[in-house]
Amino acid sequence: MTAAGTDDVRQVAEDALAWVSAHRAGFALGEDALAADGRVDGTWKPLGELAQVCATVTRRTTPADPLHTRAVALLEFAWRQTREGELFPLLQRLEPFATYPLEVYAAFASAGFRHPAYEEGAAVVARSRGWQFTEQDPTRRLGVLKAEERSGVRRPGRAQRLLRTTWLGGLPEPWTFERAAGYALTHVVFHLTDWGRADGPLPPDLARYLADWLPPWLDTCLDAQSWDLAGELLAVAATLPHPLDDVVPPDAWQRLRAAQDPTGAIREEGRETGDGEARDPGRYFTHHYHSTLLAAFAAVLTTAHPAGASAGPEGRHGRQGAPA
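Quick note: the sequence shown uses the UniProt record's numbering, first residue 1, plus one each step.
Honestly, the hints are just simulated from the structure, not real lab data. This one's a predicted model, so the numbers in the text were calculated from it and none came from an experiment. Beta carbons: idealized from backbone N, C-alpha and C, even for Gly. Mixed in with the good hints there might be a few duds.
[Said to hold, decoys possible] Estimated spans, in silico, between C-beta atoms of each pair:
#1 GLU120 x GLN254: 48 to 54 Å
#2 ASP280 x ARG129: 42 to 48 Å
#3 PRO281 x ARG129: 40 to 46 Å
#4 PRO66 x GLU269: 46 to 52 Å
#5 GLU269 x ARG24: 22 to 28 Å
#6 VAL72 x GLN11: 34 to 40 Å
#7 ALA224 x PRO281: 24 to 30 Å
#8 GLY170 x THR263: 24 to 30 Å
#9 GLU173 x THR273: 33 to 39 Å
#10 ASP8 x ARG154: 37 to 43 Å
#11 GLU31 x PRO172: 40 to 46 Å
Could you put together the complete structure from these sequences and hints?
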């Protein structure tokens, strides 16, 4: 990746996190966060995604980096929304077999924000058959297993068995890729790599498969203006043990940056149709927050890729003498 290309990617991250900071009130938990009929997708899900992305940004940047400082501030804001973790035991009592509280909590735990009493309670519930046999698709179950690990619950050997029951783990025919499969495969990679915070955990056959087929899949998503999924695929590309120039179309970041509006936001799909924020701020936030977060996430992983375009196929850290 050229220096100019790196500058473009860095600017995507800076502008996206600036927008997230300016709109952080949209991630705040309202009074319905503990409601029995609460809309989890509009309360806990955005907050968990904010924590997940910012945990990675802090891990993949240095303390002197303004992106690091901004991500730390957003993490602290998000943790305060949970009352420093006190809401998690309350959620557990209200919905003992719901997995989303643990999944959100695990994002905080990966950044060092912990609530020991909740972890103790979660470990008790996780030993029950009711928890272990909850009906879930394989990708979601893999995510829950990884959330358990980050929260102190260990189940050795299960991740690899689960992996092979996912869409990506089956190494399917590449022409069967579509929207649902795309989101499933990106999340399998995120779960296995601890959301880009861990180096080198992808099985070699999966890494080779993704290196072969990410370029046309990414190109297809960019052509379709599926900015959210394109951002997720760019993040996956940055976790692979391959030169970025081999797995990312040469104009991919320029196309994504062109979709970023002057405020730093990126719409999930399509083009902006006017001042939607002024007309309906809530709807505007809903259709921009995830794709904007994921653009920042992918950009930070890309700029932190250990060898850029010079890493060899031997592994993420490259050949002897290659930059690590």
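Evaluated hints:
Between GLU120 and GLN254 the beta carbon distance is about 49 Å. The supplied range of 48 to 54 Å therefore holds. The beta-carbon spacing between ASP280 and ARG129, approximately 45 Å, falls within the hinted interval of 42 to 48 Å. For the pair PRO281 and ARG129, the supplied restraint of 40 to 46 Å holds, since their beta-carbon distance comes to about 45 Å. At about 30 Å, the beta-carbon gap between PRO66 and GLU269 misses the expected band of 46 to 52 Å.
The hinted window of 22 to 28 Å between GLU269 and ARG24 holds, with their beta carbons roughly 23 Å apart. Evaluation of the 34 to 40 Å hint for VAL72 and GLN11 yields a failure: the beta carbon distance comes to about 21 Å. At about 27 Å, the beta-carbon gap between ALA224 and PRO281 stays in the expected band of 24 to 30 Å. For GLY170 paired with THR263, a C-beta distance near 40 Å fails the hint of 24 to 30 Å.
Hint check: GLU173 to THR273, Cβ distance near 36 Å, so the stated range 33 to 39 Å holds. Separation of ASP8 from ARG154 is about 41 Å and conforms to the stated range, judged on CB atoms against 37 to 43 Å. Between GLU31 and PRO172 the beta carbons are some 44 Å apart, a value that agrees with the proposed interval 40 to 46 Å.
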